[in-house]
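Since the structure of chain A is provided, determine the placement of chain E on it from the hints.
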Amino acid sequence: MKMSPEYVKAAAQMLPGVITAEGFLGSDTRPLADIIQADEEQAVRLGVEWGQVARALHALRNAGMAGQGTTVEYLRKWKVTVDEARGVLPCPFKDGLFHKHRILVTHKPSGSQIIFSELSLHLLKVHHFLQGRGSPFRLEIGELKTVLDL
Amino acid sequence: MSFDFLVAPFVVGAISSFLAVIISIIDKIVNNYGEVKLSINGGKKELTVKGGSSLLFSLGEQDIFLPSACGGRATCGVCKIKVLSDVGPHLPTELPFLTKKEVEQNIRLSCQIKVKTDLEVEIPEELFAIQKHTTTVSSIRDLTHDIKEVKCVLKEPQRIDFKAGQYAQFVIPPYGKIKQETQRAYSISSSPSRNGELEFIVRLVPGGIATTYVFTILKEGDTLELIAPLGEFGLHGEYEDMLCIAGGSGMAPIKALLFDMFEKKVSGRDIYYFFGVAATKDMFYLDMFYDLEKKWPSFHFIPVIAEPDPGGKWKGETGLVTLPLERYLKEKLSQDKPKQGYLCGSPGMIDACIKVLTTHGIPEDSIFYDKFA
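Protein sequence lines correspond, in order, to chains A and E. Under the working numbering, the first residue of the first sequence is numbered 1, with each subsequent residue one higher. Under the working numbering, the first residue of the second sequence is numbered 1, with each subsequent residue one higher.
Check the hints yourself; a few may be wrong.
Stated by the list, open to error - Beyond 12 Å from chain A on every Cβ pair, some chain E residues (computed):
1) Lys37
2) Asp161
3) Val205
4) Trp314
5) Glu364
Claimed, not checked - No more than 30 Å apart at the CA atoms, straight line, and that leaves these computed lysine-lysine pairs for DSBU-like:
6) E:Lys177 / E:Lys114
7) A:Lys94 / E:Lys332
8) E:Lys148 / A:Lys79
9) E:Lys332 / E:Lys313
10) A:Lys125 / E:Lys177
11) E:Lys177 / A:Lys9
12) E:Lys294 / E:Lys281
13) E:Lys315 / E:Lys330
14) E:Lys313 / A:Lys94
As the list claims (entries may be wrong) - Some chain A residues flagged as far from chain E (calculated, every beta-carbon gap over 10 Å):
15) Lys2
16) Ala21
17) Ala43
18) Val88
19) Lys100
20) Val126
21) His127
FYI, nobody ran anything at the bench for these hints, they're computed from the structure. Where a beta carbon is used, it is the ideal one built from N, C-alpha and C, also for glycine.
If we strip away everything but chain E, and leave its shape as in the complex, we get:
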């Protein structure tokens, strides 16, 4: 019996295997950048890292965490860093997030810079305070049909110093079909005085990698890694009246801000909180804020349901949140006192509110909102 018909497949197989080995060896040689030195802030900090990873990831490996709401996928544009060394021209993935001035100053998205040779970079000193925290999920509870409140007790390190309005990145491990670690940003909803436990308000995004994990996998007692504190959203000024406007899970940073002010007994400025949701089933924390209103004379809570259940018991404001906002600006608020806007919610709601506030004379530089929308 002849086995000649096996010769050709055997030869092809052998050649393919040989080529695969060669490619693998070449890959190891060509893509092996060895150890690379990172010099930070004029040599104040010198790091030795393994070349080949992104600058964002390489710094993170050395416990230097740059803000990044998307975890290195070039979709949030916040992991900016000044690179003093030549790392080639800006990539098309970076340019949508950079101003002309930033491009001229060689500001780069650290997630898009591959560390291949020694680099000199500049990092603002305050970013060195950002740490990775190991936490244990102490409580998960439903606030609405698609919003959960998640509380995490800090284990290592056990305390965190943050400012009301800042956010943390959830480090989501691989699960199910998700083969790689993912990071997503969530505003801290608890007051900075509670520095051993952080609270978050998470809304389910259909198809969202992180929120699907929080809603279907994460449970009380689980370990969750967080990178925090991040972000610049927070309280400004001392005497201006404040118009806080939030929608849905946009409640989180505003809640932290308000309870922080209440605890610090801030007075001398009136605070109006417009909290808008689409339907009755989307409303939450009503009792908490009505209670705060009773205890804090300068605080005024205006919950708004756009389309309350027909025949329901809702007696509060209805329609889009911009309607009562406009009415209050025209009829109820002092025209003489300077005002500020604090916004958190969907990009569409933020745009609509900015339009109302600026129309009523509040300058754009007195309107504050999360930039990672």
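Same shape as in the complex, but just chain A:
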């Protein structure tokens, strides 16, 4: 898939050492546009809506924030721990700054876990970008479906 100039610029920001040490693409060699397209197709196949995922992640994040670093139980089904560091990270698409929150969610019935950040939530919600394979904050649609009970 042809990369738009916006994607070319964003992909450059996603390289290791530009915004974070590891970057956003992991070991994925696919162009950014292909990564996003593949995840969008996978979401359709699994019947997952981006807005629905973003709302669920927001709710878990908000519940976890009250714990100030400790683990909080949410609706008896999830355990959430929000770890905060000072400072903010810019979005590689240059449309916002995001606090360095790292949110660990455990789905109690299945024991499955996901980790996401304030920035990865924005990337998911606005850009449908779940990060490249091998990236520490890569979110898999299948895992999201399980952990969020969608």
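Same frame as chain A, but now just chain E:
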């Protein structure tokens, strides 16, 4: 044998090379701003710099260091400067960090202003004291599983004057996949009396460029460049009781503040230090502060573990740090004496503590915390 099939690729290659040379020449002409004059504070200081870099970087090249917690990436918003010349409208990257009044006064983020023509700027006099220091790492030790104490001996210049609560910027050189220099801010945790060696408390941020460097590359004996002193966090007033609240590596500026006060034999105000961590494995410096409490009657140390190990030996406060804070405010502290809050930790903890303090009548202008969170 015919080589006609090579002609087309050769021609295309030649044209591409020619165009690349032309673009390179045009780039050198168009983006060559030559020498540019910077006039500071009504001409008190005149600098000649090479145009084309950011104002933050150009000033730094001339040993004038503006505060910057992110090192010029427009993510901290502290490198503000008043620009008197016309440098165009504010950029979208600047506006989130500026108040309406600051925009009207043409306060700009110096990291976002490209120096292309002569400029007139205003810089507060006290910022001229900020220097780049070459240091040698004298000690690195683990305080917890994800927090290290780092000590640096100053080599050039060999001394630094700073106020307890201020911070330094670590200049992180390129390493591994990181191709460019990075700067990150860390509060100084040692007392200003130790002006030949600085101590820092650094917590590992997963994926963090600077903390990954400190945890995996930096070792004792290495050279580390620091820009310091920076920041306005520090002691205020003389007689108010103090409620110091820190979490994790937020210990750093509070530790500097407390030991500075102890060394100066500050008396007449009670000081309560609530130090909160999530789990037993996150606690550190307990003995140091229990020892300080014994030596300093007006100092009271209240360590708090939110979720101590089950069956462990912890007999101190448990739960979120706001719980004992609230109880002390209700039951143990004098209701008559004015109080101040000194906070350092995660933004969430700071917000929660501000809520408790203001609920108990401590005005917001008596609550002090690091602004670069």
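**OP:** Please name the hints from earlier in the document that this structure breaks, with their numbers sorted from lowest to highest.
**Re:** Structure breaks hints 3, 7, 14, 16, 18, 19.
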